[in-house]
Amino acid sequence: MSNLVIYDQELADNPTARVPICLVLDVSGSMAGGPINELNKGIEAFMTEILEDDIAQDAADISVVTFGTVVEIALKFDNIEKQVVPKFSAGGTTPMGAAVLKSLEILEERKKEYKEAGVDYFQPWLVLMTDGVPTDMQIIPSATKKTNNLINEKKLTLYSIGVGNNADMRQLSQFDLSKPPLKLDGLKFKEFFEWLSQSVSVVSNSTPGDGTLKMDLNDLRGWTTLEL
Amino acid sequence: MQKYKVSGTCVRGASHIESNLPCQDRVSSSFKNNVITLSLADGAGSCSMSEIGAEISTQFISDYLCLYFDEVFLENPERIKEVLLLKIRQLLIDKSKDLNVSLRELSSTLLFVSVKNGNYLAGHIGDGLIASYVNSKPEVFSLPENGEYSNQTYFTTSKTALDHFRIYKGELGLINGFVLMSDGSYESLFDKNKNSLTMANETFFSWLKDEGNSQEKIEEALHLNLKKLFTKKTTDDCSVNLLLINHVDEVSWYELLLNKVRHIFN
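Chains as they are written, first to last, in my numbering: chain C, 27 to 254; chain L, 67 to 332.
Next comes chain L alone, as it looks inside the complex (with noise of 0.2 Å):
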C-alpha cells in the first residue's frame, strides 16, 4: 500500500503583473477512494480567460480521475485520452457559452499524474514537464511539446489537441514521487544545456520527505522560493505540484502482526 504527501503552488510572473493579468497556471489535488491525482494547467498568455480554463482542467482530471481511476486505467492510451479530451473540452465549451467567450479565451496546457494501488495513470499536452522520482532520483518523465518557436505550444482547445495528448500507464515500480512543473518553473528546474533535472528537484523532494514538514509549510517554502528566485528567472507565471509516494511494506505488517502471535503464545 502506499501513503501520499503532496505540496503546490503557483507564482505570478513579472509579464503578468506589468500587463496586470492574473495568474494564469493552476495546480490541483484530489484525493479519494485510495487515489491521489495532482494537476497543472498553464493558462495561454494572450487568453483573457485562461485561468478559468485551467483552473476547470485541473480541477475537472483530480476529481475524475479519483472517482474512476480503475475504469480509466484498464483502456488503451487512445481510448483513454480521447474519453478525457472529450470531457474536458465539453465543459470549456459549456463555460464559455456562460461567459458569452470564445472557447479559445479559456485555452491551457494540462499535466496530471494520478496513482492507485501501485499504478501510476499520467498526461500531458504542450509545454512544462513531468519528472518522476525513481529510488528518490528526478529522472524525466514528460518533456515539453512546442512549436518550432519559444511561444508555441499546444492547448486543450487546440484544434490538433488529440494528436499531442500523451498518456502514459504502468506500474510505480521503483517510483517514489512526482513533480509537474509549468513552463515558468521549467527555466529554473531544467538545464537545456545538460539537458538534465537541477539540484532543486531534490532538494523539493527531501523537503517531502522530512516528516517533519506539513504540507502547509512546503507550500509556504513553495510559494517564497519560486517568488524569490524562479521569477527572476523568466517573465511567466510559476507553478509546480509535487507528489511523495510512500511504498509502506505491507509483508512488514505481516510479519510484525506474526511476531505478535508468536509473542503471546511463546
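Same shape as in the complex, but just chain C (with noise of 0.2 Å):
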C-alpha cells in the first residue's frame, strides 16, 4: 500500500453547476378541476424526484411562476431542500406574455448571481405550460420575440406544453420557431414531470462537447399526443 496519500481537506469543494428552470403555469380559471390537481400532483412528484437524484438536487435551481388572475413568482429560487411548494389554484383570465417577460427577468438575475458568487451554471429551461389562449396578447411579440432571440443565441432552452383541447398551440409554437410545442397527453402532469427531472439530471451530468440536450422522441412517448 502507498504511503502518498492526498487528504480531502487538501481539495477544492467548488458547488455543482447548476441547471436554472422557471416553470411558467397556467392558474387560470380554466384549469379548475382536474387540472390543477394533476399539475400540483406533478410539481410535487418533479420536487420529490430531483431530491432523490444525489446529482440533479444539487443541480437543479428551480423557480416557478403562475399566471391567472395576477402573474406571481409562486417560487423563488433556492436551495431545492429548502423550497416548499405552494399547492396552486385555478382563477383569473391566461396573462401568458406578462408571465414569460417575467420567467426571462428573474432567470437573468439568477445568472447574475452565480457570476457573483463564481458558481458555473447550464443553459437556462424555460417550461411553458397552459391549457388556453393569452389574454395579453397585446405583450406576446415582445415576449415571444425576446424567448426567439435568446433561443437563437443559444441561451435558453424553451419546452411549451398545451393542456387539454383548448390550448392554443399556434400561438404556443410562436416563442420557440426552432421546434414545435408539444401537447400534453390528457393530465399526464406526473409522467412530464418525471420526464422533466431525468432531463434534468442528463444535463446535470453532461460535459464539454455534450452540446445543449437533444430530446428523445421515444422517451415523449410517456406524455404526450403528438404524431411522431
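I should point out that these hints are in silico values taken from the structure, not numbers from a laboratory.
Errors might be hidden in some of the hints.
[What the hints assert, rightly or not] Straight-line distance between alpha carbons at most 30 Å, and here's what the computed DSSO-like set of lysine-lysine pairs gives:
id, chain 1, residue 1, chain 2, residue 2
1, L, K293, L, K203
2, C, K102, L, K258
3, C, K180, C, K137
4, C, K141, C, K180
5, L, K260, C, K137
6, L, K225, C, K172
7, L, K225, C, K171
8, C, K138, C, K128
9, C, K141, L, K298
10, L, K147, C, K180
11, L, K147, C, K108
12, L, K147, L, K71
13, C, K102, C, K138
14, L, K203, L, K294
15, C, K181, L, K225
16, C, K128, C, K181
17, C, K138, L, K258
[Said to hold, decoys possible] Reference excerpt, derived from the structure (chain L facing chain C, CB under 10 Å, subset only):
id, residue
18, G111
19, N142
20, S254
21, D257
22, A266
23, L292
[Claimed, not checked] So the derived label-pair ranges between C-beta atoms look like this:
id, chain 1, residue 1, chain 2, residue 2, range
24, L, Y234, C, K108, 39 to 49 Å
25, L, L140, C, L77, 40 to 50 Å
26, C, E70, L, E84, 25 to 35 Å
27, C, L203, L, T226, 25 to 35 Å
28, L, K203, C, K181, 33 to 43 Å
29, C, E98, L, E214, 20 to 30 Å
30, L, K260, C, N192, 53 to 63 Å
31, L, L228, C, Q224, 37 to 47 Å
32, C, D211, L, E268, 49 to 59 Å
33, L, Q68, C, E78, 47 to 57 Å
34, L, A80, C, L77, 15 to 25 Å
35, L, N86, C, E179, 28 to 38 Å
36, L, K294, C, N192, 51 to 61 Å
Cβ coordinates follow ideal geometry from the N, Cα and C atoms, glycine included.
Need the complex rebuilt from these two chains, each delivered in its own frame; the hints are there to steer you.
Given below as C-alpha cells:
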C-alpha cells in the first residue's frame, strides 16, 4: 500500500454547476378541477424525483411563475431542500406574455447571482404550460421576440406544453420557432415532470462537447400525444 | 542543465462508467534530444471516438516537440499555433477517414508543456488548467477557456480552434515544474471561490521531489488518489500530468572539477 496519500481537505469543495429552471404555469380559471389537481401532483412528484437524484438535487435550481388572476413568482430560486411548493388554485385569465417576460427577468437575475458567486451554470430552461389562449395579446410579440432571440443565441432552452383541447398550439409555437410545442396526453402531468427531472439529471451530468439537450422522441411518448 | 521527472495518470469518471464509455482523457510524455514534453487531452463527452482523438493529439505533440523544439521555439506564437494545429488536424482528418466517422467524433481539448535548455514552450486549447511551480510553489499558468455555460468549451476540431489556441514560450527562470490537469481534476485542484490552486498541488510536487519515489510509484499513487477522491467531486474523467525540473547547477560542477585539479596539484 502506497504511503503517498492526498487528504480531502487538500482538495477544493467547489459548488456543483447549476441548471436554472423556471416553470411558467397556467393557473387560470379554465384549469379548475382535474387539471390543477394533476398539475399540483406533477410538481410535487417533480420536486421529489429531483431530491432523490444525488446529482440533480445539487444542480437543479427551480423557480415557478404562475399566471391567472395575477402573474406572480410562486416559488423563488433557492436550495431545493428549503423550497416548499405551494398548492396552486385556479382562477382568473391567461396573461401568458407577462408571465414569460417575468420568467426571463428572474432567469437573467439568477445568472447574475451565479456569476457574482463564482458558480458555473448550464443554459437556463423555461417550461411553459397552458391550457388556453393568451389574454395579454399586446405583450405576446415582445415576449416571443425575446424568447426566440435567446434561443437563437443558445442562451435559453424552452419547452412549450399545451394542456387539453383548448390550448392555443399555434400561439405556443411562436415562443420557440425552432421546434414545435408538445401536447400533454390527457392530464399526464406526473409523467411529464418525471421526464423533466430525468432531463435535468442528464444535463447536470453533461460535460463539454455534449452540447444542448436533444429531446429523445421515444422518451416523450409517455406523456405527449403528438404524432412522432 | 536540467534533469526531469514526470508522472501522469487518467481515471474513468462515474458518468462514463454508467454510460459504458471508456476513459476519454489521455496523457503522454516523451524525452528525446534533451527535450521533455508532456501533454494531456480530454476527449469530448458526446463524441464516440474522442479518446482516439485525444490519443493522437497527445502522442503527436509529445513526439513532434521532442524532434523540433528548437525550430518551433524560434517562431512567433501565431505561426506556432498555425503549424501545430494544422498538423494535428491533418492527423485527425486522416484518422476520421480510416474510421469512417466525422472529424467531430475525434474532438478533444489539448494542453502541453515542452522544456529544453532553460526554455519552455506551452499550449492550451479548451478547458482544464496548466499550473507552473515557481520555486516549488504552484501558480496558475493557463486558465480553462469555457463558453458561458458549464458544458461548453473549445476543441482541436472546433472551427474557431485557432482563435482559442493559446501559446506560451519563454525562459524557465525560477520555474521548476508544471502540472497539466483536465477539467475533471480541476474540480479538485482549483478552488473557484478562492481563485487559487489547492494544497494537493504542493503535495503532488513533494512526491516528485522525493528521490525515493520512482515514476511508477508516483503514478500508482496518483491513480489511487484520483480514483478515491477526485471522482467523488465530479462525474467526469480525471487526469493529471506532472513535471519536475531539477536545475542542475553547472557552475558547481565546474567548481568541483577545479577543486579536484587544485587538489591534485597541491
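Contradicted hints - numbers only: 11, 19 and 25
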